[in-house]
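These protein sequence lines map, in sequence, to chains C and G.
Numbering of the first sequence is given in numbering that gives the first Met the number 0, commencing with residue 0 and proceeding in unit increments.
Numbering of the second sequence is given in numbering that gives the first Met the number 0, commencing with residue 0 and proceeding in unit increments.
Any given hint could turn out to be false.
[As the list claims (entries may be wrong)] List time: in silico SDA-like cross-link candidates among lysine to any residue, alpha-carbon distance up to 25 Å: (1) G:Lys-11 x C:Pro-101; (2) C:Lys-7 x G:Ile-133; (3) C:Lys-7 x G:Gln-110; (4) G:Lys-22 x C:Asp-68; (5) C:Lys-128 x G:Pro-83; (6) G:Lys-62 x G:Pro-101; (7) C:Lys-125 x G:Leu-129; (8) G:Lys-22 x C:His-131; (9) G:Lys-7 x G:Met-24; (10) C:Lys-7 x G:Asn-71; (11) C:Lys-115 x C:Thr-92; (12) G:Lys-84 x G:His-131; (13) G:Lys-11 x C:Glu-94; (14) G:Lys-104 x G:Phe-70.
What the hints contain is simulated information worked out from the structure, not anything from laboratory work.
This structure is a prediction, so every number in the text was calculated from the model and none was measured.
Number of protein chains: 2
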Amino acid sequence: MNESINLKWLDKMAFEGEVNGFKIMLDASADVGGTEQGPRPKPMMMVALAGCTAMDVISILNKMRVEVDHFNVNVEGELTEEHPKQFIAMHITYEFKGKELPMDKLEKAVQLSQDKYCGVSATYRKVMKLTHEIKIL
Amino acid sequence: MNESINLKWLDKMAFEGEVNGFKIMLDASADVGGTEQGPRPKPMMMVALAGCTAMDVISILNKMRVEVDHFNVNVEGELTEEHPKQFIAMHITYEFKGKELPMDKLEKAVQLSQDKYCGVSATYRKVMKLTHEIKIL
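Construct the complete structure from the given sequences, taking the supplied hints into account.
Structure, rendered in structure tokens:
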């Protein structure tokens, strides 16, 4: 095993995670006994996806010498109604701002991440509907 | 879609996420152009898993009136060598400390989470080897 994280129980539903030497709080919402000290665990699956593909894309665009002023990755997810509640779909929106951005290169960078580099996308695609779009703002 | 997160590019490989109203930093390691301002994206998949099952277990033990003094969830993961690098296995270690802890109830709580409640476990189990163990310290 080549990766590891740790999660320490603090109190009620609050946990302190340690990831690559950084601390992260997780907590449940008040209606299920939490004290709102941190985000819920499940959306972290979407954070993993967004981060993985966002880093690919910014790094590929950098190699292509495409300069962007703003770059934002939004992920929406759909959970099942029944337990165990799990994601059945995620949609990634890549938003760019910049001067005369070349849409073909943005598309190429996103496609390379989705097809070749992003391991989180590769994993999720096997078990849910994974879609994406690109917006130039 | 009923869940969403956002990730905003800051500089180089640094991103600021927003999850349930909380901010989370993500960054790459220095050897791939990052500035080490936050954890890597991929281990967030393990954080999602640990948090999901940890909250189930502590909540079930609470209903069973089992009092634990310390509770810790460790997740180890194995990535493929080839791109796209993805998890092929994860191992969860549930660690408990407390006075005369009933192993059968700890096992029951963990099993309920793994079989019935934890949607992250249910998702990952479809695409990787997912194992666990319980330790009383």
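Legend entry - Those earlier numbered hints the structure runs against, lowest number first: Result: no hint breaks.
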